[in-house]
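So the protein lines, in turn, are chains R and C.
Residues 1 to 194 in full-length UniProt numbering are what the first sequence spells out, letter by letter.
Residues 1 to 896 in full-length UniProt numbering are what the second sequence spells out, letter by letter.
None of these hints come from the bench; they were simulated from the model.
Hints are supplied without guarantee of correctness; some may be wrong.
Said to hold, decoys possible - Under 10 Å between C-beta atoms, here's a sample of chain C residues computed to sit facing chain R:
1) ARG518
2) GLU524
3) VAL533
4) GLN536
5) ASP621
6) ILE623
7) GLY630
From the three backbone atoms N, C-alpha and C, an ideal C-beta is built for every residue, glycine too.
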Amino acid sequence: MSGKTHHSKLVLLGDTAVGKSCLVVRFVRDEFFEFQEPTIGAAFLTQTVTLDDATVKFEIWDTAGQERYRSLAPMYYRGASAAVVVYDMTNRESYDGAKSWITELQRRGDPNVILALAGNKVDNEEQRQVPKEEVQEYANENGIVFFETSAKTAQNVRELFVEIANKLPKTEQADEASAFPVTDDVSEEKRGCC
Amino acid sequence: MRRLGGGSGRGARGGAVDGGAAVRHGVDPLDPMATASFEDVAGEATAARELEKRQNSIVVTQKIRDEWIRDQLRSRKDEFTKYHDLKLFVTTWNVNGKKPSESLEALLSVGGAERPDIYVCGFQELVDLTAGNVVMDSASKDRTSTWVDAIGATLKRMYGGEGLHYKLLTARNLVGVMVCVFVNRAHVARVPQLSVQTAITATGVMGMGNKGGVSLRFQLYDTTFCFVCAHLAAHREAVEARNADYRNIMLKTTFKDDAQTLVHRSAEERLAAPSDATTMLPDGHGVYNRANDGALGPASVRGGGLAPATMPGFGAVGPDDTDSEAGETSAGMGAGDGGSGNTAGAGGEDDMLQHSSLNLAPVLAEQTFSIADHDYVFWLGDFNYRIVMPHSIDEVFRHVDANDLAWLRRNDQLLSEQAAGRTFVGFKEGEIEFLPTYKFQAGTNQYDRRPEKKVRAPAFCDRILWRDVNGASARIQQYVSCPTLTISDHKPVIGIFEARVKEVVPSDRSRVFQEIVRQLDRWENAERPQLQVEPQTITFEGGLRYMERREETILLANTCNVPVTWRFVPNMEDLAICKPWLRLDPDFGLIPPGERAEVRVIALVEHTTARAVAAGADDLDDILVLRLEGGRDHFVCVSSAFAPTCFGVDLARLARTHHPFAASADDIKVCRLDREARLGADKAAQPLRLPKELWWLCNFLWNFDLLKVSQIFVMSARLANPDKLRAVRRAIDAGHELVPEDEDGASVTASHAMAHAVATIIIEFLQALPEPVVPFALFPRFDMENQSMDVWGRRFLDQLPPLNHNVFIYIITFLREIVKCRPYNDIKPSDLAAVFAHVLLRPAEVLVKQKETSVQANVPFDLPNWFTGEKKESTLQHMAETLILHFINADRAFLL
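Work out the full structure: start from the sequences and follow the hints.
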């Protein structure tokens, strides 16, 4: 629990209506709303996690899940030190979507990005479509943090973020990777070229 | 090429980006063009970048934030701190070179039955101060061991348990000056091993160790202790020398932060540093002190001089400082200030910190800390202060014999000097209720008055003083001497203290820490900028039509309590904030709380976009990213259908399309059946020899005798009425007949207006072709004047593909008809050639360029770049005009 705070840009990705915003709201405000409006854009919130040996301030970008916005996702996962890909464990399709997100992150994201999978809505066990073992195996193969979570009951929500915080390298470089000016940098770089 | 015209372009993506950047930075000091050209400018730019990095560094911001969190923690320290009152046994004894030949139990049992938690034993003159002993360390080392062993053995005897009760923390000597600390086993685990450090400071002549101080420091729970055992300058008149010795020891003693202690520091920091003052680390300590005095810079400035981490505190004990209370406080503060900013990192941040407004610089000095950097500082030793002069030895003996402690105290040099602010400023001492401890006849309890020896006036040479800061607090319970010990010419002095130590409970501290950061997060998240954005989706009802401007509005309402700075940002793949057919006005702004703003979303599909849409390379969809500075992003989707149109379609497809582009499915069918009925199925399916739209337009002018209209084509673009232009475009897409009348019936004015509109649309139609009538490959490449125009022109016509050939000849014929009407329309053939040359021909390389400029300028009917300015381009223009003019003026036979 050092006095020093490490900054980490974290992005939530995943198909629509899997509960990305709910997870964030649970984590940040410890609240849950049964009807969460779809995110049209990218919500930004911060939340600090204290570990035994460090303090991590997450700068969280909660992105829009609707397919039409997919092309904008790189704006948010670029420069992120952690990405949480969320699926709805009562919806097999959303798990397939999650795997494609992971593939995209592995291909186009930062090579050192910490990847996490969250199988949300685990409070709804009777409607499960995605077996935990299957995902666990996939996560193990790919070195991905995996939790089944429930934004509704708060199950594993804090644990998920704490585990990510634990995995983050606590270096100065990580500190410098701040969340805000991502597109600024890009536009200015490009601006200079012509 | 550097894009010009920040934000001035119509729907200009690049332009808008530049505009936004200009707003943010003012004059751009990092202009890449400038830096590429001049090295010195590059240097300045680097400096500017560096400056900006320092000024806007999130690292510095974060440090300030962290500092605030620590302040909060400190203010709530009672919530996670437990206090323990420990019993301290402190003794000092000048043993006059003697070995421990008598039992020390009488000494070590002072203070009663309750076992002390810590024994601190200081000695002077463990060995005779002969030259040999001063230079060679071995004798004093041996003697140190002897005494330490004797104490250990005595404690074992007293408390039993085979020495299980006390552990020797450490012992250290400087020649004959020695200090050792024994800690009750119950607390041993609470003394971080690496916190135990010692330091020596010799003050004798030539830096010899016959006089000087040995300091020993350690942390117990979360409180730091420093014990200074000293032997100061002797002789009754040497008051100033003693004062100087004290100052020197205070000033010069530093506990070196070697590699080992660095490890210790980082390990320790986790538990202790953020906790509060309790840490013995200079940094944590400093932070705490800073919190106490609430001031940063001044103390360290006052201190000045040597090691910044230690000096300031001693400014306060210097001879100028006469106010003992103020001295105490500022000693604490000063030391604290020296160590402030404990989070200041190493490496790249250093220079940044030095330049920041916080005074974090001292941290970057060598990481040492001093005696003053402790919660508790104890001085014990033979300080050699006597009874003030000029009282005679006999007079002193008289008061001693009379047990007149009040007189003795009144005339004590140490108390006088201290009161005068010349020594031990800020230190406390118990009330002296014992007789002077010097000079006794060894083996007796008698003052040494033997005439054959040097007779000394009895004095309180042996003393114990202490200072507690940062919430540490010690009470002295007994302050006595121990007359029963007789081996030395001094009697030992003992202080029994109750000292309060702090223990940070990590789990409680963690809880409080989390509460603080969570609260901070809550505030930050609650005060994040927010806008209500309406609508989130924009659709242009009925679809966009070629060259018909449409406008929608996005409403931004500030519903939060802070002003919101917003701007549209480009998405990852793009440079521009929106597609070329869109323009946002304004594309950035600031909205105060409770206020609103409107963004006009203007759509205009001109030929670049029309060509792309016609080729299937683009659609009219875009997602605008509206960024609130420090807050979220909003997406606004803009989408529209594109009404079918002939504009932007290539010649081949125009020829294959027999029906009007905007015709309904039913109409298309009717059109086809009608054609088949007229021409037969085979012929009806063949491509047209000329785009019907072009034929309709030209035929209209011909049929209604409008070629005679003054300056037709040459001035049409300026004279055409936008409503009429729109009507003509819609008519040719719908296949409606063009009529010269307006609603009020036919009139010369109305038909002339229509003529100009149709003429303008002819130019527009030709300009929108993805490839002009004269294919890129056939653009004249060399100077035609060098050869026969007839030969060249013939070959040119031969090379045109059949469809292009037909269209070209059709247009040239049409132009010749216009020229024939020169008496009416007053048009010079060269003017006409100039207008048509740049729509019938475009050099391919210009196409690329033009695409770019249209993104920027995006003005319809703008002259293409190759018609303006540059010499090379004006040559191209000249060649094209010459070509067209040649055909206009040629014999009719030449065209056939």
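Hint check:
1. Of the supplied interface hints, the one on ARG518/C holds, with its beta-carbon coming within about 7 Å of a beta-carbon of chain R, less than 10 Å.
2. Using the Cβ-Cβ criterion of 10 Å, the hint placing GLU524/C at the interface with chain R is satisfied: the shortest such distance is roughly 6 Å.
3. Satisfaction of the interface hint for VAL533/C is found here, the shortest Cβ-Cβ separation to chain R being roughly 8 Å, below the 10 Å cut-off.
4. About 5 Å separates the beta-carbon of GLN536/C from the nearest beta-carbon of chain R, less than 10 Å, and the hint is met.
5. With a least beta-carbon distance of about 9 Å to chain R, the hint placing ASP621/C at the interface is held under the 10 Å criterion.
6. The restraint placing ILE623/C at the interface with chain R holds, with a minimum CB-CB distance near 6 Å, inside the 10 Å limit.
7. A hinted interface residue such as GLY630/C counts as satisfied when its beta carbon comes closer than 10 Å to some beta carbon of chain R; here the least separation is about 7 Å, so the hint holds.
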